[in-house]
Amino acid sequence: MGTTINYSIAGDKTQNLNTLQKIGLTLGSISLFIFLLTWVTGMTLTPNWLYLTAILFGFSAGPVLYAIGTYKGLPAGIKNNGVYFNSLTNRGALGWIGAIILTLFYVCLYWYGDWFGNGTGTDGANEGAVALFDPLSQIMRGAPADKWFLYGTFYTIAILFLGIKFMYKYRNSKYHLIRTVVVMFSQLVLAYMLPYILEGLNATSGGYYSLNPINSWPLNYDFMTGTRIDARIAPENQPLGVAYMVWGIILFLIVTPFVTYFVGKRWYCSWFCGCGGLAETAGDNFRHLSDKSLKAWKIERWLVHSVMVFVMLMTVAVMYSYFSKSEFSLMMYFPAVVGYSLLFGLLGLAVLLFIFLYFNGKGKSRNFMLVGAVIGMVMIVSMLLSYLGNDSQAFGISSDTIKKGYGFFIGAIFSGIVGVGFYPLLGNRVWCRFGCPMAGYLGIIQRFKSRFRITTNGGQCISCGNCSTYCEQGIDVRAYAQKGQNIVRAACVGCGVCSSVCPRGVLKLENGPEEERITDNPIIIGHEKHPTLRR
Amino acid sequence: MEHVVIIGNGIAGVTAARHIRKESDKKITIISSESKYFFSRTALMYVYMGHMRFQDIQPYESHFWKNNRIDLIEDLVESIDYQSKTLKLKQSSGVKYDQLILAVGSKPNRFGWKGQDLKGVQGLYSKNDLELMEENTKGIKEAVIVGGGLIGVEMAEMLLSRDINVSFLIREKTFWGNALPEVDSNFVTQHLNRHHGLKLLFEEELDEIIADESGRAKEIKTKKGKTIPCQFVGLAAGVSPNVDFLKESELEVDKGVLVNPDLSTNQKDVYAIGDCAQFKTSINDRGPVEQVWYTGRMMGETVAQTITGNKMNYAPSHWFNSAKFFDVEYQTYGRVWAEPKENETSFVWKNNEREILLHFVFDKNSKVFKGINNFGLRLRHDLFEKWLNEQATIQHVLKYLKTANFDPEFFKTFEKDIVDAFNKEFNDSVELAPKKWWRKLMHDKV
Numbered sequence: 001m002g003t004t005i006n007y008s009i010a011g012d013k014t015q016n017l018n019t020l021q022k023i024g025l026t027l028g029s030i031s032l033f034i035f036l037l038t039w040v041t042g043m044t045l046t047p048n049w050l051y052l053t054a055i056l057f058g059f060s061a062g063p064v065l066y067a068i069g070t071y072k073g074l075p076a077g078i079k080n081n082g083v084y085f086n087s088l089t090n091r092g093a094l095g096w097i098g099a100i101i102l103t104l105f106y107v108c109l110y111w112y113g114d115w116f117g118n119g120t121g122t123d124g125a126n127e128g129a130v131a132l133f134d135p136l137s138q139i140m141r142g143a144p145a146d147k148w149f150l151y152g153t154f155y156t157i158a159i160l161f162l163g164i165k166f167m168y169k170y171r172n173s174k175y176h177l178i179r180t181v182v183v184m185f186s187q188l189v190l191a192y193m194l195p196y197i198l199e200g201l202n203a204t205s206g207g208y209y210s211l212n213p214i215n216s217w218p219l220n221y222d223f224m225t226g227t228r229i230d231a232r233i234a235p236e237n238q239p240l241g242v243a244y245m246v247w248g249i250i251l252f253l254i255v256t257p258f259v260t261y262f263v264g265k266r267w268y269c270s271w272f273c274g275c276g277g278l279a280e281t282a283g284d285n286f287r288h289l290s291d292k293s294l295k296a297w298k299i300e301r302w303l304v305h306s307v308m309v310f311v312m313l314m315t316v317a318v319m320y321s322y323f324s325k326s327e328f329s330l331m332m333y334f335p336a337v338v339g340y341s342l343l344f345g346l347l348g349l350a351v352l353l354f355i356f357l358y359f360n361g362k363g364k365s366r367n368f369m370l371v372g373a374v375i376g377m378v379m380i381v382s383m384l385l386s387y388l389g390n391d392s393q394a395f396g397i398s399s400d401t402i403k404k405g406y407g408f409f410i411g412a413i414f415s416g417i418v419g420v421g422f423y424p425l426l427g428n429r430v431w432c433r434f435g436c437p438m439a440g441y442l443g444i445i446q447r448f449k450s451r452f453r454i455t456t457n458g459g460q461c462i463s464c465g466n467c468s469t470y471c472e473q474g475i476d477v478r479a480y481a482q483k484g485q486n487i488v489r490a491a492c493v494g495c496g497v498c499s500s501v502c503p504r505g506v507l508k509l510e511n512g513p514e515e516e517r518i519t520d521n522p523i524i525i526g527h528e529k530h531p532t533l534r535r
Numbered sequence: 001m002e003h004v005v006i007i008g009n010g011i012a013g014v015t016a017a018r019h020i021r022k023e024s025d026k027k028i029t030i031i032s033s034e035s036k037y038f039f040s041r042t043a044l045m046y047v048y049m050g051h052m053r054f055q056d057i058q059p060y061e062s063h064f065w066k067n068n069r070i071d072l073i074e075d076l077v078e079s080i081d082y083q084s085k086t087l088k089l090k091q092s093s094g095v096k097y098d099q100l101i102l103a104v105g106s107k108p109n110r111f112g113w114k115g116q117d118l119k120g121v122q123g124l125y126s127k128n129d130l131e132l133m134e135e136n137t138k139g140i141k142e143a144v145i146v147g148g149g150l151i152g153v154e155m156a157e158m159l160l161s162r163d164i165n166v167s168f169l170i171r172e173k174t175f176w177g178n179a180l181p182e183v184d185s186n187f188v189t190q191h192l193n194r195h196h197g198l199k200l201l202f203e204e205e206l207d208e209i210i211a212d213e214s215g216r217a218k219e220i221k222t223k224k225g226k227t228i229p230c231q232f233v234g235l236a237a238g239v240s241p242n243v244d245f246l247k248e249s250e251l252e253v254d255k256g257v258l259v260n261p262d263l264s265t266n267q268k269d270v271y272a273i274g275d276c277a278q279f280k281t282s283i284n285d286r287g288p289v290e291q292v293w294y295t296g297r298m299m300g301e302t303v304a305q306t307i308t309g310n311k312m313n314y315a316p317s318h319w320f321n322s323a324k325f326f327d328v329e330y331q332t333y334g335r336v337w338a339e340p341k342e343n344e345t346s347f348v349w350k351n352n353e354r355e356i357l358l359h360f361v362f363d364k365n366s367k368v369f370k371g372i373n374n375f376g377l378r379l380r381h382d383l384f385e386k387w388l389n390e391q392a393t394i395q396h397v398l399k400y401l402k403t404a405n406f407d408p409e410f411f412k413t414f415e416k417d418i419v420d421a422f423n424k425e426f427n428d429s430v431e432l433a434p435k436k437w438w439r440k441l442m443h444d445k446v
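As you go down the protein sequences, you meet chains S and D in turn. Residue 1 is where the first sequence starts when you use the working numbering, and the numbers rise one by one after that. Residue 1 is where the second sequence starts when you use the working numbering, and the numbers rise one by one after that.
Next up, chain S with everything else stripped away, as it sits in the complex (with noise of 0.2 angstroms):
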């Protein structure tokens, strides 16, 4: 949109901090000071208790020492006074040098564990910054710490205390007061506590992610894999292995549709899972820099959706290979012949849901639907001639590249790099909104299947563009709004800011019946005897 204006700043209250600001910038500093001591230097602190009490305190009571000296004094109500003229929110030098250093952060994380001290003093012991949460993880799990000990710490503790933030700026609101609950319940003890006091316990099953109850496949995406499986059946683990095993098949099959059917997808990204969860505490200050322009919108659609094809294919030639073998442990259960049942079995009612929602659905995307189908049949047919062949690799390609190629690409660039790193670069929602393969689920059963839409409130939109420019999700909410149309979108989390920050009232998070829900003409209120509104 060709006009730029750049407004300088006149008597900004950005610039000019207050005590508890002051305190709070100084208590996290000094945090970020430790670790970036440990990180860069390698250097080993002692006694680390302390020093890691420090740093989780700073990390802790900083942010929410500076958020009480930003909003306290003021009434409740919506606080977005300069966020555009702020170094950090708007893509200034603070906001690249946040990125770097987290994007730097990830990049470390995922490959250069080194860098941490993971593992790399005598006999494997922790050195540097992994040393320094090893007291804590003793606590947890009875064991030292490694590099995702500490991220789930570190990611962990951002959710609390940037959820305490987030939840005294929108004190004027309960949806965002028990949604922000949630959230943190979620992840400090769903996501968080639960796997490492089990791992403590001895349910050493493959690992933090696959004892995280909330996190679904697809978006864990290695749910399914024969290591995963064996390990979950394993006498050994029992009966925690199986109940795992149940427990997320139930959640994807039957939990995840029928929920969403009745509120929409908002209760796995806005509410439970552990991505939506920083999004919307940490990233909350950078929800505004979503893009809002179509183009977006059609990149949004492509991507997401084949991140999901791709996962759904994944996963379907890994149990595939994993049935062909002449021995997995499901065997003790039944004959590869019932597995590859079930796998077809699977994908045909995938292609039937899709031809029932094409018939059943609203609007020009509903085409997608037969997209949906056509992809869903021609694996059916690749596989049957994988199966009739004999051959042990579904889809003529190995199942174990497929997922080496996901894991790197997605699991760790997109969700991690581009996904968190760039937050202070292009928004919060980045990997919610383009990568995530359980967004794609959702979004498709919220878009066609759901009781859930944002409901405009007759005539009274005034255009403003407060609800486009906070959607997170780059949704242009306004462009419904200003029509007097409810809004029906995938993308739409329903993290309810866009009805918070609305200055007349015009929008309403609802579930609902759903005739009616879609309203493509629709009748601006107020202005019934117009004609061309009324068809």
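For the record, the hints were derived by calculation from the structure and aren't laboratory data. Some hints here could point you the wrong way.
Claimed, not checked - Under the rule of at most 30 angstroms between Cα atoms (straight-line distance), these lysine-lysine pairs were calculated in the BS3-like manner:
#, chain 1, residue 1, chain 2, residue 2
1, D, 224, D, 416
2, S, 79, D, 127
3, S, 364, D, 27
4, D, 138, S, 22
5, D, 386, D, 399
6, S, 364, D, 402
7, S, 483, D, 107
8, D, 22, S, 298
9, S, 483, S, 79
10, S, 174, D, 27
11, S, 483, D, 386
12, D, 26, S, 483
13, S, 483, D, 440
14, D, 22, S, 364
15, D, 436, S, 362
16, S, 174, D, 412
17, S, 174, D, 402
18, D, 440, S, 449
Unchecked claim - Only some residues are given here: those of chain D computed to face chain S with a beta carbon under 8 angstroms:
#, residue
19, 43
20, 46
21, 50
22, 59
23, 322
24, 329
25, 331
26, 403
27, 406
Positions of the beta carbon are idealized from the N, C-alpha and C atoms, including for glycine.
Here the structure of chain S is known, so what remains is to put chain D in place on it, guided by the hints.
Just chain D now, kept in the frame of chain S:
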């Protein structure tokens, strides 16, 4: 191909263009000297406060205009020759029209105050005003705003966001007293007073603005003789139609361009819509000039019908409006006059702690619901529109208030308190109905 030319790219002009395109293949040109692309005027304040960038308050991407074949000319119209149907532009060559729509908006009122043209003195209406305000408020500490209405509150909020203290001169005894009943007005005042750095001065009027050596405002004097130092004076005493360049021509102009019920003027094929139009005879209970976003939009919708061959009169439905006073949202449906009509009575429910006030107006005898002022809650437009159409009683409205609530999920609700208070005050026995899916209620007859 017929050529429709629209002067002005605000909500009225752009809505007209969009609807003409929906209905026809005519050539459409919009001329504006303010900005190339349409933007939301009501959102200018958010750009100043740093909530959005200017491009964010433009509702359509630039490809929209090309895709819809709406030509944009960035230029000033100097004069119109109604005989040859030609516009004289400042920079480019003349434009010929077959039909002309005047959607030229308003300008801030200046009542001939001494010093009203000094540097640091301005209104807030256009994009240019926003840029000027940015310039005028750089590094300053104190400001005065003249006129207690909606633009004044917006300016106050803008200035406060930059740590500039504001003295607010309000001519009436109460805030926005010509539009709000006293109790509503006092309620808003209460909220405004919670904001540090904002000082409301009631029954004070601007006498003159005094300049420093450089010719910039340094203080103002009120009619009561009070002197207030300030480096910025915001003129927010209303707006009036921007029709100076149309005066002294064959076009009939009073306060605004005089229009018939179908928005046509006394010149053939010339129409006027939005802020600049003045109805020769008022429509229903509405004033002759309506300067609201929504009415501009509806006039645009209407004139598009006439121009594409379906002659239509402007026939808006029940009055509605909305605003935000700092953190308190305001929605109104139907009519709540500042002074109640003879046959009207009202029921007011207030919660000071949560800053909510509902002001219901209904007919004394028939109990027919007439309107509501709603502060601090959100209410469904669709249902109130239906109730006003069907002349529902106040009891009916109260009974279904739960369903009419538009607040976000989990918000505390007050319907029970409200109905109890009503029953007590009017010795009635309204029973609150449980919350229903609102669309179901839309299909029920009152």
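Cross-check of the supplied hints:
Annotation: proposed proximity of residue 224/D to residue 416/D is violated, straight-line Cα distance about 47 angstroms (limit 30 angstroms). Between residue 79/S and residue 127/D the alpha-carbon distance is near 23 angstroms, which keeps this suggested pair within the 30 angstroms criterion. Distance hint between residue 364/S and residue 27/D is fulfilled; the C-alpha atoms sit about 29 angstroms from each other, no more than 30 angstroms. Annotation: proposed proximity of residue 138/D to residue 22/S holds, straight-line Cα distance about 25 angstroms (limit 30 angstroms).
Between residue 386/D and residue 399/D the CA atoms are separated by roughly 15 angstroms; this keeps the pair inside 30 angstroms, and the hint holds. The straight-line distance between the Cα atoms of residue 364/S and residue 402/D is roughly 35 angstroms, outside the 30 angstroms bound, and the hint therefore fails. About 27 angstroms separates the Cα atoms of residue 483/S and residue 107/D, which keeps this hinted pair within 30 angstroms; it holds. Of the supplied pair hints, the one linking residue 22/D and residue 298/S holds, its CA atoms being roughly 24 angstroms apart against a limit of 30 angstroms.
Of the supplied pair hints, the one linking residue 483/S and residue 79/S holds, its CA atoms being roughly 27 angstroms apart against a limit of 30 angstroms. Of the supplied pair hints, the one linking residue 174/S and residue 27/D is violated, its CA atoms being roughly 50 angstroms apart against a limit of 30 angstroms. Straight-line distance between C-alpha atoms of residue 483/S and residue 386/D comes to about 19 angstroms, which keeps the hinted pair within the 30 angstroms bound. Of the pairs offered as hints, the one joining residue 26/D and residue 483/S holds, with about 23 angstroms between alpha carbons and a cut-off of 30 angstroms not exceeded.
For the hint pairing residue 483/S with residue 440/D, the CA-to-CA distance comes to about 22 angstroms; that is within 30 angstroms, so the pair holds. Proposed proximity of residue 22/D and residue 364/S is supported: the alpha carbons are some 19 angstroms apart, at most 30 angstroms. For the suggested pair residue 436/D and residue 362/S, the alpha carbons sit about 25 angstroms apart, so the restraint of at most 30 angstroms is met. A C-alpha spacing of about 8 angstroms is found between residue 174/S and residue 412/D, which places the hinted pair at or below 30 angstroms, so the restraint holds.
The straight-line distance between the Cα atoms of residue 174/S and residue 402/D is roughly 18 angstroms, inside the 30 angstroms bound, and the hint therefore holds. Straight-line distance between C-alpha atoms of residue 440/D and residue 449/S comes to about 20 angstroms, which keeps the hinted pair within the 30 angstroms bound. With 8 angstroms as the threshold, the beta carbon of residue 43/D comes within range of chain S, its nearest partner Cβ sitting at about 4 angstroms, so the hint holds. Because the beta carbon of residue 46/D sits about 7 angstroms from the nearest beta carbon in chain S, less than 8 angstroms, this interface hint is met.
At a threshold of 8 angstroms, the smallest CB-CB gap from residue 50/D to chain S is about 4 angstroms, leaving the interface hint in force. Among the interface hints, the one on residue 59/D holds; its C-beta lies about 5 angstroms from the nearest C-beta in chain S, closer than the 8 angstroms criterion. The beta carbon of residue 322/D is positioned within 8 angstroms of a beta carbon in chain S (closest approach about 4 angstroms), and the interface hint is therefore held. Evaluation of the residue 329/D hint against chain S yields a held restraint, the C-beta minimum of about 5 angstroms falling below 8 angstroms.
The closest approach between the C-beta of residue 331/D and any C-beta of chain S is roughly 6 angstroms, which is under the 8 angstroms cut-off, so the hint is satisfied. Look at residue 403/D: its Cβ only gets to about 11 angstroms from chain S, farther than 8 angstroms, so that hint breaks. For the restraint placing residue 406/D at the interface with chain S, the shortest Cβ-Cβ distance is roughly 5 angstroms, inside the 8 angstroms limit, so the hint holds.
Consistency note: the structure conflicts with the earlier hints numbered 1, 6, 10 and 26.
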